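Chains as they are written, first to last, in our numbering: chain A, 1 to 144; chain R, 1 to 144.
You may find that some hints are simply not true.
One copy or two, it doesn't matter: identical chains are merged, so the pair holds either way.
[As the list claims (entries may be wrong)] Using 25 Å as the maximum straight-line C-alpha spacing, the simulated DSS-like pairs for lysine-lysine come out as follows:
| # | residue 1 | residue 2 |
| --- | --- | --- |
| 1 | K142 | K2 |
| 2 | K142 | K77 |
| 3 | K58 | K112 |
| 4 | K134 | K110 |
| 5 | K9 | K110 |
| 6 | K77 | K109 |
| 7 | K23 | K9 |
| 8 | K76 | K53 |
| 9 | K120 | K142 |
| 10 | K9 | K76 |
| 11 | K138 | K109 |
| 12 | K23 | K110 |
| 13 | K112 | K9 |
| 14 | K27 | K142 |
Hints are computed from structural coordinates only; laboratory data are not their basis.
The structure displayed is predicted, hence computed values, not measured ones.
Number of protein chains: 2
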Amino acid sequence: MKENYDSLKLQNQLCFPLYACAKEVTKRYQPLLNEIDLTYTQYIVMMVLWEQKQINVKHLGEMLFLDSGTLTPLLKKLEVKGYITRTRNEQDERSVIISVTQKGIDLRKKAKDIPEEIGKCVNLTQEEAVTLYKILYKILDKIN
Amino acid sequence: MKENYDSLKLQNQLCFPLYACAKEVTKRYQPLLNEIDLTYTQYIVMMVLWEQKQINVKHLGEMLFLDSGTLTPLLKKLEVKGYITRTRNEQDERSVIISVTQKGIDLRKKAKDIPEEIGKCVNLTQEEAVTLYKILYKILDKIN
DNA sequence: TATAATTATATTGCATACAATTTAATTATA
DNA sequence: TATAATTAAATTGTATGCAATATAATTATA
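Working from the sequences, and respecting the hints, build out all of it.
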């Protein structure tokens, strides 16, 4: 009475290549991000702030799928670097407002070529990239 | 002379949904894996050992895209739990051979239903799943 | 309007990840 | 065959991530 464990084989997993791919791609960012003194997670935070200028921690966490245990220390580091400020919302003292500084805004110019560099090393066709994008967001939309 | 920073918008990134999706899906494993006292990374290590019974750290790292800085402490924890043993290769003392114990083998029965449970919460069509799988492995194959 | 419930961050503890370095063993070569 | 180069793990240091809990502020309700 032999059981079938095929579903537990590494090559039959969908999550594993997802996990590995995310790590490998993120790793490719690091040498580029080192030049502007950011980690990948710090970079996506700055991306949000380049668009919005200002956002509270809760909303930021919802956008990036990160909780306060990750964001609080990370934001303090960005504050030390001078890229953001953290101030309590005067209307609701529970909330902390993150604002980008001029130094943070200036960083965007230096980051400008990073997406293209990463695109090169990922090397998908335009069609594949669009398909991947759609499927990933389908998962993200359903999962929460 | 306004510069165009569209490529730095969060919604134009391919890496971000990849990063977020990997995290969110992995998070869904945790309640299931808690019942058999494994983390996700420990789980994929056990997956390899359920197939191979024995493998050295270097080869394991290549399969899982993990380095010794991650694997060494993780494997020591699996050893403490009694799921694996770590022994030096007598032919080459630099190499450490990881072997699954009977207790480790028995764990597979308890893990059997996990892939299906995860499949439910990801909720892709069979075709989407296959497409995603292929694109992810295309990236992984090229990137290293 | 006191008190309970909820909400937004912060903190703590644990488990990755990885770059960089170290150590020990093996292999290549002058 | 000594010495240099290479290789495989282990170690160190830094940065996430997240569950669980704590704290403080706000809101709901008896």
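Checked hints:
no. : hint          : in the structure
1   : K142 <-> K2   : neither (36 Å within a copy, 38 Å between copies)
2   : K142 <-> K77  : neither (33 Å within a copy, 34 Å between copies)
3   : K58 <-> K112  : neither (27 Å within a copy, 37 Å between copies)
4   : K134 <-> K110 : neither (29 Å within a copy, 34 Å between copies)
5   : K9 <-> K110   : between (44 Å within a copy, 15 Å between copies)
6   : K77 <-> K109  : within (21 Å within a copy, 45 Å between copies)
7   : K23 <-> K9    : both (21 Å within a copy, 21 Å between copies)
8   : K76 <-> K53   : within (17 Å within a copy, 45 Å between copies)
9   : K120 <-> K142 : between (30 Å within a copy, 11 Å between copies)
10  : K9 <-> K76    : between (42 Å within a copy, 23 Å between copies)
11  : K138 <-> K109 : neither (32 Å within a copy, 31 Å between copies)
12  : K23 <-> K110  : within (23 Å within a copy, 28 Å between copies)
13  : K112 <-> K9   : between (41 Å within a copy, 11 Å between copies)
14  : K27 <-> K142  : between (27 Å within a copy, 14 Å between copies)
Taken one by one, the earlier hints fail for this structure at numbers 1, 2, 3, 4 and 11, listed in ascending order.
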